[in-house]
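Trainee: Here's the letter readout for the chains.
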Amino acid sequence: MNIMQQIQQEQMRTDIPTFKAGDTIKVHVRIIEGEKERIQVFQGTVLRVKRGTTNSTFLVRKISDGVGVERVFPLNSPFIEKVEVVTRGKVRQGRIYFLRKLRGKAARIKARTDWHKNN
Amino acid sequence: MKRTIGLIGKKLGMTSVFGDDGKFIPVTVIQAGPCPVIQKKVQEKDGYSAIQIGFDAMAGHRLNKPARGHQAKAGMGYYRKLMEFSPDNVDEYEPGQELSVEIFKPGDRIKLTGTSKGKGFAGVMKRWNFSGLPRTHGHEKVHRSPGAIGQCADPGKVFKGRKMPGRMGNKTVSYKNAEIISVRSRENVILVKGQVPGPKDGFVVLQKQD
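Just so you know, the sequences run in chain order A and B.
Here the numbering used here is used: the first residue of the first sequence is 1, the next is one more, and so on.
Here the numbering used here is used: the first residue of the second sequence is 1001, the next is one more, and so on.
Extracted from the complex, chain A is given alone in its bound form (with noise of 0.2 Å):
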């Protein structure tokens, strides 16, 4: 392995568990504010993973009092205390953003069941 890989293989965090776009995820945020720090939870539906090395990233919708917020997360950031993934969801894209355009009972996601695999 050479430097540049060895730089970004530390930089990598190997705790959270693999997604995709259609999962219903809990990301765990650590917010500092100005000498306290809580964690805030951030529930909804991933949208994307962009995959990289550090750079990663991925974007969580969800509905709060009827307005969609959408949020990216880096996905190796020190600020992720964890990600629970809620569900697993049945989708044929990796990006589903026309999730946006759909409200109310059409906005759902059918459970996906991965019999293959042991979760």
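The set of hints was computed from the structure by calculation and includes no laboratory data.
Treat the hints with care, as some may be off.
Between beta-carbon pairs, the in silico distance windows are [to be verified]: (1) A:63 - B:1118: 46 to 56 Å; (2) A:93 - B:1013: 29 to 39 Å; (3) B:1107 - A:14: 23 to 33 Å; (4) A:64 - B:1148: 54 to 64 Å; (5) B:1092 - A:41: 49 to 59 Å; (6) A:113 - B:1119: 54 to 64 Å; (7) B:1172 - A:55: 24 to 34 Å; (8) B:1025 - A:5: 17 to 27 Å; (9) A:41 - B:1057: 45 to 55 Å.
Stretches of chain B that chain A covers, calculated by requiring three or more beta carbons in the stretch to come under 8 Å of a beta carbon on chain A [claimed, not checked]: (10) 1012-1025; (11) 1187-1201.
Even glycine gets a Cβ: it sits at the ideal position worked out from N, Cα and C.
Fit chain B to the supplied structure of chain A, relying on the hints for placement.
Mentor: Coordinates of chain B only, in the frame set by chain A:
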């Protein structure tokens, strides 16, 4: 200008790292040193005092005889790149001594010098950020041209220094206050915040600055 103490390095590429405060920092990875002192210039003999350091080890038989003989005196192997530095404390360095990345520490501001990537013969839009001429309204074949380059019969010439097309890049570029993010002494690697002039595998000079 005199170079203060520093190292010669090689640009390995760019990546990003998370800082101590969790912020995402773009960095350039530089393989810097170890640079052995090859020769010492002394006031009495050479008229100035400096140390000459080498970088990028190579096989001795690839050098010509005078260069080989010169480097053999220090007994530290053979190097592709030699460069002189004139620190205030020249007396503290001796031929055969080795300079490593440990002369820098994270948080230091340094001066970086590299050779920028050559862009070939470039037009004024690329080379001088001119706006070019309109796409439409009767303009034909002149969309990227500079437009007027001077006045009329008086002065009847184009003033010197006029920005024109020409060779772009492949020049020595220096800048100060490059921040060191981390120093990895085991691999002789330095991570500098932001960009560094030149291509991957290009030589760069890292200097201490006051």
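Trainee: Hints first: check each against the structure and report whether it holds.
Mentor: Outcome of the hint check:
{"no.": "1", "hint": "A:63 - B:1118: 46 to 56 Å", "verdict": "53 Å, holds"}
{"no.": "2", "hint": "A:93 - B:1013: 29 to 39 Å", "verdict": "32 Å, holds"}
{"no.": "3", "hint": "B:1107 - A:14: 23 to 33 Å", "verdict": "29 Å, holds"}
{"no.": "4", "hint": "A:64 - B:1148: 54 to 64 Å", "verdict": "57 Å, holds"}
{"no.": "5", "hint": "B:1092 - A:41: 49 to 59 Å", "verdict": "58 Å, holds"}
{"no.": "6", "hint": "A:113 - B:1119: 54 to 64 Å", "verdict": "55 Å, holds"}
{"no.": "7", "hint": "B:1172 - A:55: 24 to 34 Å", "verdict": "31 Å, holds"}
{"no.": "8", "hint": "B:1025 - A:5: 17 to 27 Å", "verdict": "18 Å, holds"}
{"no.": "9", "hint": "A:41 - B:1057: 45 to 55 Å", "verdict": "54 Å, holds"}
{"no.": "10", "hint": "1012-1025", "verdict": "holds (count 8)"}
{"no.": "11", "hint": "1187-1201", "verdict": "holds (count 3)"}
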